[in-house]
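Participant: Given next are the chains, with one letter for each unit.
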Amino acid sequence: MTRILCVEDDSTTADYIAKGLGEAGFTVDVASDGRDGLFRASDGSYDAIVLDRMLPGMDGLSVLAALRAGGVTTPVIMLSALASLDERVKGLHGGSDDYLGKPFAFAELLARIEALRRRAAPAVTGEGQVTRLAYEDLEVDLLTRRVLRGGRRIDLQPREFRLLEFLLRHRDQVVTRTMLLEDVWDYHFDPGTNVIDVHVSRLRKKLDEGGARPLLHTVRGAGYRLGEG
Amino acid sequence: MPLTTRPAEASPPPPPAPLRRQNWPRSTTTRIALLVFLAMVGTSAIILGFIARVTQGQLDADARTLITAEREAIVSTFNRDGANAARDVIMAELRIPRAVALRLEDAGHRGIAGNISAWPATLPRQADFLRIDLMRTGQDGPEPFAVTSHTFSNGYRLLVGRNLAEEERLTATLTTSLFAAVGLALLLATGISFLVTRTIARRIETIANVAGAVAGGDLARRVEVQTVGTGDAFDRLGTALNAMLGRIELLLDELRSVTDGLAHDLRSPLTRLKARIDRVQRDGDAAGTDIAAIGAEADALLAMLDNSLEISRAEAGIGRDRFVAMDLATLASDMVDMYEPLAEDNGVRLTAVVAGPVPIRAHRELLGRALSNLIDNALRYGATGGAIEVIAETTADGARLTIADRGPGIDPADRDDALRRFGRLDAARSARGAGLGLALAAAIARLHGGALTLHGNKPGLRVAIDLPGREQG
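Those protein sequences? They're chains L and W, same order as listed. So in numbering that gives the first Met the number 0, spot 194 of the first sequence is number 193, and the numbers just go up one at a time. So in numbering that gives the first Met the number 0, spot 69 of the second sequence is number 68, and the numbers just go up one at a time.
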């Protein structure tokens with residue numbers, strides 16, 4: 000059972016988040032101001048915290064600072080209407096694990112919470128420095144940068160390789176276009192057009208060439224997922 | 000997708016307290032004038048005291064020298080030739096009408112010679128220098144004297160004195176004239192203080208009035224500044240204030256044009272949005288196409304809002320603190336790499352033309368966003384030409400980033416319009432706020448101390464961003 004704390008003073012947004020996360024199978028508690036949020040989060044029992052930046056009484060950055068000072072390492076994703084690049088950097092420097100500008104697509108929030116939750120629990124594979132990633136008949140050697148699908152060699156451009164690596168590290172998770180843009184390209188703006196889609200469809204074409212089972216799926220309205228169809 | 004907006008706490012600032020004239024006497028300038036005045040009084044008192052002391056000391060020294068010499072002369076005559084010889088010297092001295100006092104008496108205090116009838120009670124037997132009042136024979140009253148005395152071995156005593164009336168008159172005259180001079184100086188100081196205070200107060204009041212008028216809503220008011228000559232502190236203050244007011248007015252104008260532009264630009268997509276929602280409400284939407292269109296429309300609105308906010312931030316100079324040393328050529332290659340597949344799908348050859356590193360100081364994210372917008376625009380409107388080049392090069396003044404397409408270009412007459420925030424050349428190009436992309440790139444160029452310019456490419460459009468070099472930046 001995954002427990003999420005949502006600290007948000009706007010009741011419409013809070014309901015929206017709580018309902019959506021509830022449908023996705025999470026248990027959600029809602030705190031409507033910073034103090035209450037800090038109080039509930041301070042025992043570190045939640046798996047992730049969705050924290051609004053601007054809250055009555057005690058703002059999100061202060062709550063975050065208090066939590067981190069108190070040794071609470073629960074992953075925090077910060078929500079803010081202050082979505083500009085500089086505000087984002089401020090939020091991340093303040094100790095949040097991710098930052099999402101308002102308004103946001105629910106799928107984006109969900110994908111990011113999933114990613115945070117898995118990052119917080121790295122014991123899935125147990126290995127230290129990963130040098131090989133594999134999924135079904137796909138094998139990727141991170142050192143030699145060789146990619147094999149069912150023993151067949153696939154040639155990838157450097158950018159396509161990094162894209163594949165990111166998708167493999169997040170296998171069976173939904174990754175959104177902005178997550179890809181942030182991690183693979185290291186930019187935080189929305190390029191607007193279907194720039195990322197084209198990259199992904201090129202990668203997909205190379206991976207699935209030769210009639211094997213499709214590995215890379217488009218998740219409608221959200222992003223992509225590498226894994227079971 | 001709920002839009003959460005917090006109501007801005009827009010309590011208007013309290014109106015500025017009007018400058019009340021009756022408060023001026025207690026104002027800072029008056030206090031300064033008073034302070035100056037007191038300082039002058041103090042300085043004058045110290046100078047006067049000093050002059051008085053020095054003058055008195057000099058007069059005393061002169062008198063002492065004189066009476067000591069006189070005493071020594073008589074004492075040596077007495078010791079060499081006896082009391083009678085000394086008496087003769089004294090008698091001779093007294094025959095010359097001078098302001099001296101002399102008395103020689105024997106051991107029984109009987110006078111032998113001199114013009115003092117009795118030994119003054121206040122004078123000790125042996126005194127080096129003393130100021131006392133003495134009554135000379137033949138005079139109406141006591142006069143001030145500097146006096147010295149000597150007692151001989153046989154008990155005889157000698158008194159030698161010098162009248163100080165002359166010196167005291169001199170001192171009195173000196174004191175009077177000094178006080179008169181100081182009085183005049185103080186009068187002058189008072190006048191000057193008053194004038195200076197009034198001038199300062201007036202000039203400050205002028206500036207304060209302008210500030211008050213601007214606060215009251217008259218944004219066009221400016222401080223009158225003498226452009227030639229003086230350039231004193233008040234002129235500098237006025238100039239600085241005017242520059243600030245100019246900036247405020249510019250920003251307000253900018254804000255107004257943003258709000259007007261936004262209101263104008265948002266109206267038609269919002270109307271379309273509302274129409275689609277109405278249709279879904281009325282007829283239902285089994286296929287979900289209307290819902291998808293509503294979503295796309297909302298996304299376009301959000302992108303427009305986001306771009307507009309980012310322009311305002313860039314115009315306000317926010318983000319300069321995040322400039323880093325970076326390579327423009329790498330940025331160009333990265334962005335071309337990002338857009339290349341999309342360009343290829345659209346049948347366009349997108350290439351980066353870089354000869355080597357182009358060092359600049361810049362906000363990587365913002366400059367990346369500007370370039371992304373420009374490539375996006377080129378793909379949108381210049382794709383017919385089949386080729387787009389992104390050029391990063393070092394120039395004499397710094398660096399230049401050029402995005403050149405071979406499309407229809409923009410008519411020279413329309414280029415200024417294209418750079419305006421909500422300027423859109425073609426009403427049909429309504430999708431995703433194309434006008435904002437170019438305006439945002441221009442704002443980001445200005446944030447970097449550079450400029451965005453539009454040129455022809457025979458055929459096509461060249462968008463150039465000139466940036467200052469790393470040293471200047």
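It should be emphasised that the hints constitute simulated quantities derived from the structure, not laboratory data. Mixed in with the good hints there might be a few duds.
Partial selection, computed: residues in chain L whose CB lies under 8 angstroms from chain W [as the list claims (entries may be wrong)]:
1) F160
2) F165
3) D182
4) W184
5) D189
6) P190
7) N193
Anything over 10 angstroms on all C-beta distances counts as not near chain L; from chain W, calculated [to be verified]:
8) D139
9) A171
10) M243
11) L254
12) D289
13) L301
14) D305
15) R312
16) I317
17) G318
18) M337
19) L341
20) P356
21) G367
22) S371
Each computed SDA-like pair below joins lysine to any residue, with the alpha-carbon atoms no more than 25 angstroms apart [unchecked claim]:
23) L:K101 <-> W:A207
24) L:K204 <-> L:R116
25) L:K101 <-> L:R148
26) L:K204 <-> W:D336
27) W:K273 <-> W:A297
28) L:K101 <-> W:N345
29) L:K18 <-> L:E135
30) L:K101 <-> W:D336
31) L:K89 <-> W:D336
32) L:K18 <-> L:D8
33) L:K18 <-> W:I276
34) L:K205 <-> W:K273
35) L:K89 <-> W:V279
36) L:K18 <-> W:D336
37) L:K101 <-> W:E314
38) L:K89 <-> L:G69
39) L:K101 <-> L:K205
40) L:K89 <-> L:T130
Each residue gets a CB set at the ideal place from its N, CA and C atoms; glycine is no exception.
Participant: It remains to establish, for every hint, whether it holds in the given structure.
Facilitator: Evaluation of the provided hints:
The restraint placing F160 (chain L) at the interface with chain W is violated, with a minimum CB-CB distance near 13 angstroms, outside the 8 angstroms limit. Restraint check, F165 (chain L) versus chain W: the minimum CB separation of about 15 angstroms is more than 8 angstroms; hint violated. Interface restraint check: D182 (chain L) against chain W, minimum CB-CB distance 14 angstroms, threshold 8 angstroms, status violated. At a threshold of 8 angstroms, the smallest CB-CB gap from W184 (chain L) to chain W is about 6 angstroms, leaving the interface hint in force.
A hinted interface residue such as D189 (chain L) counts as satisfied when its beta carbon comes closer than 8 angstroms to some beta carbon of chain W; here the least separation is about 7 angstroms, so the hint holds. Nearest Cβ of chain W to the Cβ of P190 (chain L): about 5 angstroms, under the 8 angstroms cut. The hint holds. For N193 (chain L), the shortest C-beta to C-beta distance to chain W is roughly 7 angstroms, which falls under 8 angstroms, so the interface hint holds. Remark: the non-interface label on D139 (chain W) is consistent with the geometry, its nearest Cβ contact in chain L lying 96 angstroms away (cut-off 10 angstroms).
At roughly 79 angstroms from the closest C-beta of chain L, the C-beta of A171 (chain W) stays outside 10 angstroms, upholding its exclusion from the interface. Every C-beta of chain L lies more than 10 angstroms from that of M243 (chain W), the closest at about 24 angstroms, which supports listing it as non-interface. Here L254 (chain W) stays apart from chain L, with its beta-carbon at least about 17 angstroms from theirs, past the 10 angstroms limit. With 10 angstroms as the threshold on Cβ separation, the claim that D289 (chain W) sits away from chain L holds: the shortest Cβ distance comes to roughly 15 angstroms.
Look at L301 (chain W): its CB is around 7 angstroms from the nearest CB on chain L, not clear of 10 angstroms, so calling it non-interface is violated. In this structure D305 (chain W) is not separated from chain L by more than 10 angstroms, as the shortest Cβ-Cβ distance comes to only about 7 angstroms. With a minimum CB-CB distance of about 6 angstroms to chain L, R312 (chain W) fails to clear the 10 angstroms threshold, and the non-interface call is violated. I317 (chain W), annotated as away from the interface, has a beta carbon of chain L within 10 angstroms; the closest lies near 7 angstroms.
Against chain L, the non-interface label of G318 (chain W) is violated: not every CB pair exceeds 10 angstroms, the least being about 6 angstroms. Its closest Cβ contact with chain L, about 6 angstroms, brings M337 (chain W) to no more than 10 angstroms, contrary to its assignment away from the interface. For L341 (chain W), the requirement that its beta carbon stay farther than 10 angstroms from each beta carbon of chain L is not met, with the minimum near 5 angstroms. In this structure P356 (chain W) is separated from chain L by more than 10 angstroms, as the shortest Cβ-Cβ distance comes to about 19 angstroms.
Not every CB of chain L lies more than 10 angstroms from the CB of G367 (chain W), the least distance being 5 angstroms, so the non-interface label is violated. For S371 (chain W), the requirement that its beta carbon stay farther than 10 angstroms from each beta carbon of chain L is not met, with the minimum near 5 angstroms. The hinted pair formed by K101 (chain L) and A207 (chain W) fails the criterion: a straight-line CA distance of about 43 angstroms is larger than 25 angstroms. With a C-alpha separation of about 30 angstroms, the suggested pair K204 (chain L) and R116 (chain L) falls outside the 25 angstroms cut-off, and the hint is violated.
Of the supplied pair hints, the one linking K101 (chain L) and R148 (chain L) is violated, its CA atoms being roughly 40 angstroms apart against a limit of 25 angstroms. A hinted pair counts as satisfied when its Cα atoms are at most 25 angstroms apart, and K204 (chain L) with D336 (chain W) qualifies at roughly 18 angstroms. Distance hint between K273 (chain W) and A297 (chain W) is fulfilled; the C-alpha atoms sit about 11 angstroms from each other, no more than 25 angstroms. Proposed proximity of K101 (chain L) and N345 (chain W) is contradicted: the alpha carbons are some 32 angstroms apart, above 25 angstroms.
With a CA separation close to 35 angstroms, the supplied pair K18 (chain L) and E135 (chain L) exceeds the 25 angstroms bound. Distance check on the hinted pair: K101 (chain L) and D336 (chain W) sit about 29 angstroms apart at the alpha-carbon level, beyond 25 angstroms; violated. Between the alpha carbons of K89 (chain L) and D336 (chain W) the distance comes to roughly 29 angstroms, so the proposed pair goes past 25 angstroms and is violated. With a C-alpha separation of about 15 angstroms, the suggested pair K18 (chain L) and D8 (chain L) falls inside the 25 angstroms cut-off, and the hint holds.
The straight-line distance between the Cα atoms of K18 (chain L) and I276 (chain W) is roughly 23 angstroms, inside the 25 angstroms bound, and the hint therefore holds. A distance of roughly 43 angstroms separates the Cα atoms of K205 (chain L) and K273 (chain W); the hinted pair therefore is violated under the 25 angstroms criterion. A threshold of 25 angstroms between alpha carbons decides the hint, and for K89 (chain L) with V279 (chain W) the separation of about 41 angstroms lies outside it, so the pair is violated. A hinted pair counts as satisfied when its Cα atoms are at most 25 angstroms apart, and K18 (chain L) with D336 (chain W) does not qualify at roughly 40 angstroms.
Distance restraint check for K101 (chain L) and E314 (chain W): the Cα-Cα separation of roughly 22 angstroms lies within the 25 angstroms cut-off, and the hinted pair is therefore satisfied. With a C-alpha separation of about 20 angstroms, the suggested pairing of K89 (chain L) with G69 (chain L) holds against the 25 angstroms cut-off. Of the pairs offered as hints, the one joining K101 (chain L) and K205 (chain L) is violated, with about 36 angstroms between alpha carbons and a cut-off of 25 angstroms exceeded. Between K89 (chain L) and T130 (chain L) the CA atoms are separated by roughly 33 angstroms; this puts the pair beyond 25 angstroms, and the hint is violated.
In the structure shown, a violation is registered for the earlier hints numbered 1, 2, 3, 13, 14, 15, 16, 17, 18, 19, 21, 22, 23, 24, 25, 28, 29, 30, 31, 34, 35, 36, 39 and 40, in ascending order.
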